[in-house]
Structures are given as C-alpha cells and as structure tokens.
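K.L.:
One letter stands for each residue in the lines below.
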Amino acid sequence: MHGRPRKSATPVDENASALKAAELRSLQSQFLLNHHNNIYTKEALELNAKLIEANPEFMTAWNYRKLAFEQSQSEADSDRIQAIIDEELRVVEIALRKNFKSYGAWHHRKWVISKGNSSTERELKLLNLFQKLDTRNFHAWNYRRFITGLKNISDEKELQYTTDMINDNFSNYSAWHNRSVLLSHLLEKKVEGYFPKEMFLKEEYEFVRNAVFTDPDDQSGWFYHLWLLDQTVKVDTPVLVSSWPTHGSEITKTTFPIILCFNEPVEGVSLHAVSLQIENDLFKNVTWSPLSTNKFNHGQTWLTHLTIPQAELNSSKIFQVKISSESRQGIISLSGVPCRPWSFTFTVLVSASHDLQNVEEHSLRRISVTDESFVKVDVNSNVADFLKSYLEVTSDYEQPAPSKWKSEMIASEIEQYRELLTWAECKIGKLTLARLLMAYDAMMSSDISIAPMTHVDEVLQLYSELMKLDPTHYRYYKDEYSLVFLKQVTSCKESLMKYCWQYKESNSSDITGSMCLRLNSLSLSQIGSFERLLWVQSLDLSHNQLHSIEGLEALQLLSCLNLSHNNLSSFTALDPLRFLKSLRVLDLSYNEIGAHTVDTRRYLCSSPLSHTLDYDKKFEEVANGDETVVNFWEAYSIFGGLNITQLDIMGNAAAVNERFMLFLVKLLPGLKWLDGEELH
Amino acid sequence: MAETEPYPPIDPTNFDLIVIGTGLPESIIAAAASTAGKSVLHLDPNPHYGSHYSSLSLLDLTSFLTSQTLNPQNSGTEDAPDHTTAVNVITRTIYSDIEICCYDDSVTEHSRKLNLDVAGPRVLFCADAAVDLLLKSSANQYVEFKNIDASYVCDGNGELVSVPDSKSAVFKDRTLKYSEKNQLNSFFKLVQGHLEAVRAGDSGGDDGRIVSNEDLDSPFGVFLEKIKLPPKIKSIILYAIAMVDYDQDAGESCKDVLSTREGIDRLALYHSSVGRFPNALGALIYPMYGQGELPQAFCRRAAVKGCLYVLRMPVISFLLNKDSGDYKGVKLISGQEITSNKLVVDPSFILTSSPSESVHDVSKVFDAGRVSGKLARCICITKGSIKPDTSSCLVIYPPRSLYPDQAMSIRVLQLGSSLGVCPSGMFVFYISAVCDNALEGKKALHGVIDSRFSVHTSGMAESSSADQIESTEVKPTLLWSASYMQDVIEGSMGPVVMTPAPDGNLNYNGLLHTTSKLFQKLYPDDEFFPETSNTETSEKLEDDSEVGIES
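Sequences listed follow chains A and B, in order.
Residues in the first sequence are numbered consecutively from 1302, following the numbering used here.
Residues in the second sequence are numbered consecutively from 212, following the numbering used here.
Okay, chain B solo, but in the shape it has when bound:
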C-alpha cells in the first residue's frame, strides 16, 4: 500500500445485484444476471480475477494462499443513518496447512511465466455442462482449449497404464488380455444400448440390453461385479472413467456410493466427450493459460452485457434494515455505501457475531455455508514429464493402489508448456484427494510425490535433462511444490446468496449445477442464459465445434 491510490467512487450507487468475488460461480451468476438485463456490480477485493478459481503466477499464488487470513476489520455492528445497521464482515481463509517448498531457486525467476491453478486439478469433458454453458453463453469466444494427451491409471505395481476409454483405445491397448478387451468393450456396448433404449423411450426391461431399474438403483460397483467384470476392469471404469472419489469396495464405510444410474451417466459423458470435437482426440480438454481463464471469460461476457467491474475493492460491512433486518446494501472500504436488491458473495465471507445486538438476527439474511469436507491439494513444478513424449496427461491412483489404507482415489494432472502454463521444459502437476483431515490428505499427496518425483538436493538440476530423454525410468525432478488443505463449502441459499468453494471433482459439473440453482433462487422468473435469438451462430458453433480448441 505504498502508494495508496484513492478508491474510486462508484456511480451509480444502486444495483439490482451486487456480486462479491470473481470465482467461477460468481462470474457465471454475474454474466447470467447481466444477460437477463439486471444491473450488476461485480466486486473483488483481490487485484486479479478468479478468486478461488484463479490461475496465478508463482509469487502471486504464494501470497494468495497465505494472505487469506483474518481480515483486520473491527468486528461488530454499528448503526448507520437512514435506519440501517452495518454488520461488519470478515473474510475467512479456506486454506490451511500450507507447505511451500522450493528445491530449485531458478523456478522463482520464471514466476511470471507460470500460471498456477489454485483449485487444480480440474479439466473439462468435451461433452460436459461447462462446454455447453460456454457455447450457450458465447463465453467460448474468450477462451481456447487444448486436448489432454493421455489418461493413465496406476496399477497395483506402480505401473502407469493407459486408460482404455474407448473402442479404439481398447483395441490399441497392449496390457489388457484378449478376454478383458472383449469384456470391457461388451460393457461399453451394453451401456450404449441401454442409453439408446432410454433415449428411444423404451422402458421395458426384457430386452436384456437394458439395465433393469433394480440394477440402476444398486451401487455401480456391485453392478459391475454382477456382470462379471474382473476387478482390474472394474477399477478402471469406477475410478478412471466414472471418476469416483471413494473406495467402492469399502462397503458400509464408503462415504459416497455411486449408483449404477449415475455411473452409467458418467460413462456416457465420457464417451460422448471422445470425438465431440474433431481436433480434440481424447475426452478431456484444458483451457490455455489455466483454469483462471474460465471465470474471466464469463466476466468479459458480463461486462459486454453491462456489468460494472471493480477489483481491489474489499467490502467492510453489509447494510441491513434496522427494523426488518433485511439486506439493503454493502459498505465498501472506500466508505461508499452501495445498495442493491440482491447480494451474492464468495465463500470466504463470514459475518462477525454481534453479542451486543440481539435484535438483528444476522443469520436471517446470511448463512455462512456448510463446510462439507476437506480437500488435499498440491501443486508441483518439475523438470521432465511423468511419461516420455507426453505433454499433458491425467493420472488416476485408484483406492489402495498407492498404499493399503488409501481410501480414496488420488488424481494427478500433468500440464506442459504447450498449454501456456509454464516455460518450456517445465511441467506443472496438480494433485488432489478428498480426505477427512490434513494427516490423511498429506499422506496421499506425499505418496504420489515420493513415488513419482525425485528431489535434487544439490540444486544443480540442469545436467539431468539429457538423461531423461534417454531413459523412461528417470523420474521428473521436483523444483517446487505447494501443498495445502482446502475446505469444501457448499453454497447457501439465504437472502444473501453464497457461492460454493471449489469441490473435489475433476470437472465443473457439480459446481455448475449448484450455480444454476443459485441463479434460479435469485431470479426465479429469469432463464439461466436463454438460447440466443441468433440461433444460426449457436448452431454453427455446435457444428463446427469451435470451442476455440486447437489441435
């Protein structure tokens, strides 16, 4: 704050909607509301877009993770004129147990060339809701995608084997037995036949191709066993295609049992993703320059539709009606008070409890959102790829594949310089796992790091690059890592809407589902991105499949 510039005054001072935080859900709501013709003010206390969904340089990321500590604002409430009460807000950090290790100082020289996702690993499936939303909202014009080259699953021996995720992948696979190839592809066909029958409105179960309702309600793992798929195939389908988090064989103690119905839907999503875009070979795509491009794309979309953006503008208190306790507006750090009908905040906000004031039940307008779980995340920067000649790939460690009491699957995403996230020769890895506590989470992260990366204590890592090309066995050298725990906070539907924190999924489907529900809660009479009247453009985009994907 050396040169504390004066906070600019905002004009007008009344909006239909104020959105605080520029994470993906907030940005989508801002864009949807603007598209629906609302006047929107979009604020962010940070100097960058994206909040918890941003992609940052190495130094910015470090400070973002560590700075999210308690806001030094005074707690409590104070009376303001005009029958309003100002309730001071504080921000909470959703990150804990942050460990940052730098093994090679040279990496900080490249700080600006690195675009590190705060909420990695995360990708889009070519046929998923996020891609549809980008096309529908025309936000796709602001972002380009690239294919994730390969997808691997770690077998019990620590070998990375390609995920046979399609007919041609099954054909090409050299690790499956012939019988396994037949079983896997037969299963794909079974599911395809089932989906076709469902689409055709055929509800009868006699066909044999159609999965019975009883089976649909049973756990997916049980169903896969019932149709006699061997454990290896079952594991690939559950963890590397349906992307299940928890060990489905754990029986009663499994926290999240996937139903066959949901499992089939996930398989269908995966399969329709393969080949949706002619220039994307696999099922998965990733935005060039990082995930942070997605919220920005929606912010641009919102701005086009008239949304007003102010960054570096913290909010210090919420204004409530003194008598009714209803939400009226916000007070900015500049002292300016802005009123709006509705308010959307990102999950880092909590209100101070006000012991002196019992009249105003703050929770009436504001629910701080439920912390529903914890995620262990890790960002690693390395020299060298996990697999030779592979720039980007996804690696799945199914439960129990890394260590015996591994109760959840661990996902690792490797991104190379072709995605614009790091200088050439470096690779960025994101690792994540759902967990109950930091101990369990860190064990998972370190399990991957210790088995996959090597650490050069000497600090002179330059010489190793030549060897790596020659031998496939050489592990990538770890240059820098940051591991941290993140709280998973569900959105809340109070009069003041709180958006969800990044969840533990690989894609955005869950988040988008919540976001569209939040929008409907805010504006029940408005459509969440209506189909554009100019149908020709949208159709053309569908046809040409130009989500800006480059091959």
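Excised from the complex, chain A in its bound form:
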C-alpha cells in the first residue's frame, strides 16, 4: 500500500482504460436518468451498483442509494428491510474492495449501520481484514472507532488492539493516534488506572521510547511523544498570566486601557464574570472585547478602556481599582474548563493639573528612532526598579508550582533523549530535546529559588544546529529560535535591561513613555512573550527578519513602532496593527509589501465582503468611485481606524504606486510626516 512506485501506463493499459471510460460514461448517463426520474426499481439499483463498483468515488450514486433506501424503508416489512440493509452492505463491501479509501463508501456504510438492524459483529471482522491489508488505513481506523462506539467495546480492549498493531509494525500513525484518542477517553471518564494521567504517562513514555530509539528516523512515534509531552505540561485550567495595569501599580491617567492576558484562548470575559471595583464600588460601565479571536470567538487577550468618572476629577485624588474574577463560571477555555479565579488591584492617581501637552508635541515633531536618539538606561535608574517589580509581579500571576511528578517525568525524558543524541544524529531528536528543555524551564519558572531559563542557551544552540541540519524546515526552527530568544529576554530584569533605551530628548514624566524597547538587528523572524511586554510604548523591531507580527495587538500602549528592514510581505501581515489605537508613529520602510503576488497571510485579514470592520463605511468615501482603489482594501482595513501622524513606507514595492500614496494620505487625515517629508 505504501512506498510502491507508480508504474507508467503501457499502450495496452491506456486502451483498456479508454474502454472502461466509455463503459462508465454510458452507465453514468443511464443512472442519472434514473436518478432524475426518481426510479428506484430493482434494475435501476443494480445499474447503480454496477456504476459504484466501477467508480466508488461517485457521491451522487451513493446518495441515490440512500434515497432509494429511505423510500423502500417506508413501505417494506422488517424482513425486507433486513434484506435491503444486507444488500447495501454488500455493495459497500464491493466498492471497498475496489478502493478501500473511498470516502463515499465508508460514509454509506456508516449511514446504513446507523439505521440499526444489522450485526456489528460482521463489521469487526471486515475491519480486521481491512486493517490487516493496510494497517495504516485511516478510514478503517475511523470506522473502527464508530463501530466500537456502537458496540460499547471498552476503551481498554481497543487500547490493547492498538498495542498489538504497534507491536506488529510501529510505523503506524493511525494506531498511535487511536491510542491517544483512547487514552484521552479513559482519562476523561476517570477509569481506574488511567486517572489521574500520571498513571499512564510513565508507561506510555516508555512504550514510545522503544519505537523512537529503535528507529529515530521513523516519525510516527515522535508524533505520539509530542502528544505525551503536551499531556504532561498542559495546565488543566486556564489562568490569567498577566495584566495591564499590573497588580500594585500606579496609573496617572484618567483614561487608559485594561488588558487581560490568558495562557490560552478563552470566552466569557464579561461584566458578569469580571468585577471591576473603584474604591469598593462596583463599576458597571465596562465592555470587554477580545483582541484577534479564533474562529470560535475565543481570545487570549481581552481589552477594555476605563475612564475614571468625570465627577471624581475635581481635585487630586487616589483611587483604588480592583479587578477580579472570583467565580468559577463565566470565563471558560475552548475545551469548556473554567478559569482559575484571579484578582489584581492598582491605583489611579488623578491630578487636577493633568494636561495633554506631551501628546501634542509628538505630533508636531518627527520622531527619529536611530541610535543617536538614545542613551543607555542607567542600571540604578527608576527604569530598573520598574522592570524588576513589573517582572516579579507578572511572575506571581502564573500557575502554582507544578506537581513533582511532572518535573521528574520531563527531567527523565531529557536524560533519555540527551543519550539518544550521543549516538544518533537525529533532527527530530534534537527538536524534541529542545521542546523538553523549554517545557522544563517553563515548569521551573514559578520556583524563584532557581535561576530562570537555565537551559535556554542549550535550546538556542539546538535550534541553530537544526537550521543547518534540516534546511527544509529552516523557517520553523527560526521562528522557534526567535520565540525562545524573546522568552529569555523577558525572563529577568538583567536581560531585559540590555534592550531598554532612554530617549535623549524626552521630558515625559512617565517612565515607560520615555523608554524604547529596542529588539533590533537580532535576526528575529517572529515575536512573542507579549504578556511580559504590555507596558511597552515604543518598540524598535527594525533590521530583523520578521514575516509576521501576530500577537503584537496585545501591546495596547504602543505609540511608536519601528518595523523597518524586515521581511513583511503584505499588508495582511500587518493586521494586528488594526487594534493598536494608540499608534502614532509607524515605520514600515524597506519591507517586501506589495512584492509578492501570493499572499500567505491572507487568513489574518478580514475581507471587503465580510463587513466586519466598525469603520467599514468609510472605505467608499475614501475610494470616491475610483475603481483601482479596491486593490488597496488591505491597507484600508488596517489603517482605516488608526490615527497615525508619522508613517514611513518607502522601500516597499507598494510605495512605488503614486495613486496608493495619495490614497494613504487621504485615508490618514492626521498624517504629518510621510517618508520623512512634512505634509501640508
């Protein structure tokens, strides 16, 4: 079934297939005639069976049989129905013998069986036959799950079946997969011996180790190992991993965003689930909305804007704000698990002489983000204190120390795979070790007695080796490398300080406002660890290899962003910018926007037909009847809702188009500077 080279057709074969095609066409037209006229006689069904035997892929033919079945079912007695069912099963069996990967045939069989009345014993026998012929046939495995469900065969018994199949030949993705499905069921049902999960994980690690060590080049076992690793490190309940403002912090503005970052996408963040108290009074004028959601409308980051009520603004005053989710209902993960309760408090200092001068200044002068504009942050400055307390507080949000068995299990796996790599040059082994080490470090991060990220250098080394060893997957390793690197940068004050710079000419009273996080020239291809960067207002990501900025939308305070000299290839890749309402200064120069005909980031961006943007209507106004402007929809969808004052876009293929530049100017009425030139 597998690994057999395809033989090219000989003239004899070609003749035969031409003859077959002619025969098939005639059968097909006769059948369609019957179908259109709703003829379900014995002869018509026989004709259909003949057609299906010749071409089991013809869905209409299967659907016709279903219609015929339903019609005769209403008329016939039970004996007759039994005969019809047997006939249907026979036809399916013939089709499967012809092509046992026919979707239509397997589906029809399921359909017939689910009508009841037939023995499932026979089905198991048939399955054993098919699974012997092709042990990996996922249709058969799928159908097996269906039948065992109907027959109430115990998951343990099926687990033994997968063990037997794997013993015969462990290079069987379907068997390993079924194993993971069955174990998940057993865990879910809390069957003795399979709950809690450490009961089976150890044995499973040992079982799959036999496969992986016997043939490290066979990927099937590694996939299962990855599932086991995920089962081991997975936190069962969603948790709040960070927020802005942070617990215990002090805010000096009257209007500011509140950001909640969870460890996985959740839903149900609402007034009902989250209480917001100002000075012990419940504040109800809050609307939580998720930033970039998945298709189930779950979001990992949630946002609201809080304005301290006007009535309170008369004099300088300190308000205490408490945000909490105490009930175990409301916020739930994709798999329906409720979020762990959490709460944090911060203070808002309202001064009577609050002015907006700084903001004004921003828009008047061109902001330059070059080395000359910055000075190094003094180690003893208040910036260092800020970062220290910020990171400490953020670490406190995270999960409690993991169970001992988890860290022991991962540690023992690390030891095993280190050994494997001493005698086998094996890319997936290196990748697994890198993942294990990261998992271990993440688990240990809540233990402050241990230095954070002890294995990070080794992990970065592994990814560097992988990029050389396996150039086909270079981009993946590069992305992982970048994420690990950023995890390290954000892990402690010392490492983060290296990338923090102070604006030379800044008179901002705000600590973070006068600071720029400069992650430039690090050859990063992706960015992450946003939950630890929520405070960033000015971010320099220039001279990297970024092709995506997914997740950047979490940085709601961002007002100045430098993305120049990267590999961003389309406007759709910039979709996260759409959510950054504070953004004023944006440098996109020297990217590849408009240079590629194929847009690989399209999935990120909304379509002009979906009318999902709240500023949708504006597009027609801006377009003003100009048909070519339709091509600028992506740019519109991103910038249309922003108030950018300074934009650099030169060095992109898209910027060569004059009409487009005019469109941009029209789209951004607040724009003062475009590509270094002042607009009038």
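Rather than coming from a laboratory, the hints here were simulated on the basis of the structure.
In this text, all values refer to a predicted model and were calculated from it rather than measured experimentally.
Think of the CB as a built atom: it goes at the ideal place given N, C-alpha and C, for glycine as much as any other residue.
It is possible that some hints are incorrect.
Said to hold, decoys possible - Incomplete in silico selection of chain B near chain A, CB under 8 Å: (1) Ser379; (2) Phe382; (3) Asn393; (4) Asn396; (5) Phe398; (6) Lys653; (7) Lys732.
Claimed, not checked - Cross-link-like lysine-lysine pairs, in silico, BS3-like; alpha carbons within 30 Å at most: (8) Lys1728(A) to Lys388(B); (9) Lys1433(A) to Lys400(B); (10) Lys388(B) to Lys1707(A); (11) Lys1705(A) to Lys1503(A).
For chain A, the structure is supplied; the task is to place chain B on it using the hints.
P.N.:
Chain B alone, transformed into the frame defined by chain A:
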C-alpha cells in the same frame, strides 16, 4: 525377509540416468533430469523414501540408524559376459557412536505417530533457495509448511531471550537496552541501504551507507566490532541470524571465518524471509510431517515427469566396460542388469578395492567423496515445551554460552504436535553441532540435554504435566533420546556422481548449491528446472505466496 517376495523385473533395462538413493539431492536430480526429458530409474534399497533425509517412525529410525552397517556382499570383482566387469559395491554407514536411551516406555507405543528427521535440525527460510526451487519445480504442491513460532538465543546466564531479528522484534524486545535497540536497528538499516545501493548498481563507497570492499572482505565479526556493536548484539547477529557455526572470536584457530560479504547476504536472506508469506509470521518454516516430505515431493514431481521408482532394491555391483573401464550400468540384487549413460549414487556407497584386478582403476569412474567433517546430532522426545505457550522454536547456543571451551554454536529445534511430527503433548527436539570428534560432539549434546531437560527415573511422568503449565521454570521431561555422530561427505563429480550427505547447516542452501552443480556436471546442456512455459501459474504462486503454508 520372512516372505521374500521376488524382486520385480524392471523394464526397460536401459535408461539415460540411474539414481540410487532417494535423499533430497538425489530426488532433486531425478526430478530435474526427468523434467529435462531424460529417462530416469530411481532406486532405493530402503523401504521408504528419503535415505539420509527421511523422516521415520521411532522404530524405523532406530533400525535405520543401526542397520547402516556393512553390506554382507562379497567384495571383489567378477567378470561378466559382454566385455563388462562387475565391481561389487558395499554400503558404508555414515553414522557412529549411536546412543539410544528410552526413559519412558510409553513413547514406543506412539512410534507410528512420530515423524523423526534423520538429519535434524533443519528448517527453510521463507526466502531461501529451497523455497524458490519448490516453487520453480512445482514440487510445492506436494508439501505444506508451518511457521516456526519463535527464535531464541541463550545468553551467558542460561536465559533464553528472543532473537530481535526485525524492526518490530527489536521494538517489542524487553531485554535490550534502548541504546542496543538503536544500534541493532541502525545496523539493519545500514545493511539494507548497502543492499539497495548494490542492487541499484551503485558501486561508489563515498555514500557512507555502502560498505566498502575492504570491509566486505574482512571477517564479519571484525566488521561488527568496527561499527561498534556491543558483544551481545554481535553474538546475536553472528550466531542467531547469520547462523555461523564456529566461534568467530577464536582468531586464527577459527575453522570457518565468515566474511562480511557472506554475512550481509545471510542477514539479507533472513530479513527478506520475514514477511515473505503473509501467513508465515517469522523467517523460518518447517514442512508438515517432517523434512522427509521434501525429497518425497521431488520424487512425486519426477514420477509425474516419467521417472520410474523402485524401492527395496539394493544394487550389488556396478558394471564397467572391461576394456575402457567406463561405467556401463548396475546389477541389482535381483540379478537383473540395467544399463544407463549416467549414474548418481547417494554417499553411502563405496566400491570394494580389488587387489586382484589392477587393470581397472575403479577410482577412474568413482570417487567415494571426501569426509569433510563430523556432526553431532541428537533427537529428543519430551513432554513439555522449552518455553511456555510455544509449540515450535529455534534455540541457538552461541559459542562459549554453554561451557567455556564450546568452540561452535549449538542449534536446537523444538517441534510440537501442530507440525504433525508427534502426538499432542509431546515435543520433538533436534540438536546439532559441528565437531572434530565424538567426544567433543557428545559434550555439546549433553550440555544442552542436561541443562534443559529433566529425566524422571520413576517412569511415571504423567503427573508432571499439570505443574508445567503453572510454572515456567519446570524443565521438559525427557522421554527418549538418540544421539549419534554423522560424517559429512561432500558430493563428488566423477563419471559416477555422488551426492552430498546432510551438512551441518540449518537450511538447505549449501546442499542445493552442490546439487545444482552436480546436475550441471551431468547435463551441461540442460537447464536445472527451466522456468515453466506457463508463467501465469508460477507468477500467481509467487504473488499469492501459497507454498501451502498454513497459518
């Protein structure tokens, strides 16, 4: 000879070829010659087929082993009419030091239910030359096979561990360390890659996957060490997969050093055997009702092609041309003289020296074949299996695993009643080892017997069967045993062709190689079993893999 029936006269009296003895090589030659259109007379002095390759009932086996003593014929030559000289032949026994012990008389009651191989242990590898020949000659239709369930190797502590002989066996194995699993399977892959490259005609050695010529010529043991396989793995590969006879670590004193080239071929044979037939799970198969079925299958094939069979018909002399000394024919015990162009005899024949006649140099037509070595063989009948729940299995004792000066590997084959060789509840064991002399050979045989079987002196062994099921530690009870030495005689290529005696190998490959060479010597212009014109049947057999194997 109570009712001495008259020996039937044979008609016609002239053949292209006379074959004496119905052992496997003789039967194959008879079938090949018949297939090539020769007229063949196939004789055997015994009342059964198979000669030294036969499977016999317990009593027949005893008498076969012991009866093979000197033929009471008068030695010498005598003149016969028509310018011929008759040289009397005598048969020699190739067996010596026969010891038969019966520990439980009940076993003789089952004599007829036992099919005991004279030349055990021997099996077929699913992908070996014997299976190919059976398919090619269509002799496969007369014989059915069954799988040997398991294969074990004895480690230094006397434990029997499964031979991890394939990827899935390595995976399942619970005795190997993870590192050993990796090393063993990596080695399998190395060999596989090498063979693929060889098949693709890639002769370059730069690839790294391909074993260099220098390595191919080096001893296999040295090569395995070079690629850093640990001793345990090396021993498994050498003795339990490549089936080497002698201790490869013995250096200069090793009698038969296996080259890497040959070692890789043997590994390849083993691996292509695993899974060749969907209903045979392992690499090894065994003919139902015993090895004796194989020569019989070829005899039937020959008979279909017109070969004439006469059993119980000893030959008393060879007829030579008086003047030239060339072979002319044979004289049967019935007195009838049959002439033929060619003669093939089994290795038990020798000619009497003829002191009076110096004219006729007998050796000109007949070479008695070289005794190239000795084999210790043993047949044991037991109650109980060596491993619980295992009907048939092969057990290898690598050199030095049983006792310190064990210079050769000892092979043990256990067969159960499912193979039709013994009544249910009994097991037949064959043990063999190559050796220099009876002392060394018997030491090897007794080493296995003493460590694996228990002997009930009481004779009432019935009660033990229940215990054995419960405990894995209980040794099988020995009911009966026969141990003997066998001479290994190579075939000879004289004008009269002599076939080889059973060799010490586990499979038939060596014997078949010699046999096909003998056939080519006899009939240089004829093909050894030409591909049948009806290619469809032969292909179908290949595809469906129906060597009559039952699961």
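K.L.:
Does each hint hold? Answer for all of them.
P.N.:
Quick rundown of the hints versus the structure:
Below 8 Å, beta-carbon pairs count as interface contacts, and serine 379(B) has one with chain A at about 6 Å; its hint therefore holds. Contact between phenylalanine 382(B) and chain A, as hinted, is supported at the beta carbon level, the nearest pair being about 5 Å apart and thus within 8 Å. Checking asparagine 393(B) against chain A by beta carbon gives a least distance of about 5 Å; that is within 8 Å, so the hint holds. Of the supplied interface hints, the one on asparagine 396(B) holds, with its beta-carbon coming within about 5 Å of a beta-carbon of chain A, less than 8 Å.
Of the supplied interface hints, the one on phenylalanine 398(B) is violated, with its beta-carbon coming no nearer than about 12 Å to a beta-carbon of chain A, more than 8 Å. The beta carbon of lysine 653(B) is not positioned within 8 Å of any beta carbon in chain A (closest approach about 41 Å), and the interface hint is therefore violated. Interface restraint check: lysine 732(B) against chain A, minimum CB-CB distance 41 Å, threshold 8 Å, status violated. For the suggested pair lysine 1728(A) and lysine 388(B), the alpha carbons sit about 22 Å apart, so the restraint of at most 30 Å is met.
Only pairs whose Cα atoms come within 30 Å are accepted, and lysine 1433(A) paired with lysine 400(B) is accepted, the gap being roughly 25 Å. Between lysine 388(B) and lysine 1707(A) the CA atoms are separated by roughly 24 Å; this keeps the pair inside 30 Å, and the hint holds. Simply put, lysine 1705(A) and lysine 1503(A) have alpha-carbon atoms about 13 Å apart, close enough for the 30 Å limit, and the pair holds.
The structure fails to meet hints 5, 6, 7 from the earlier list, while all remaining hints are met.
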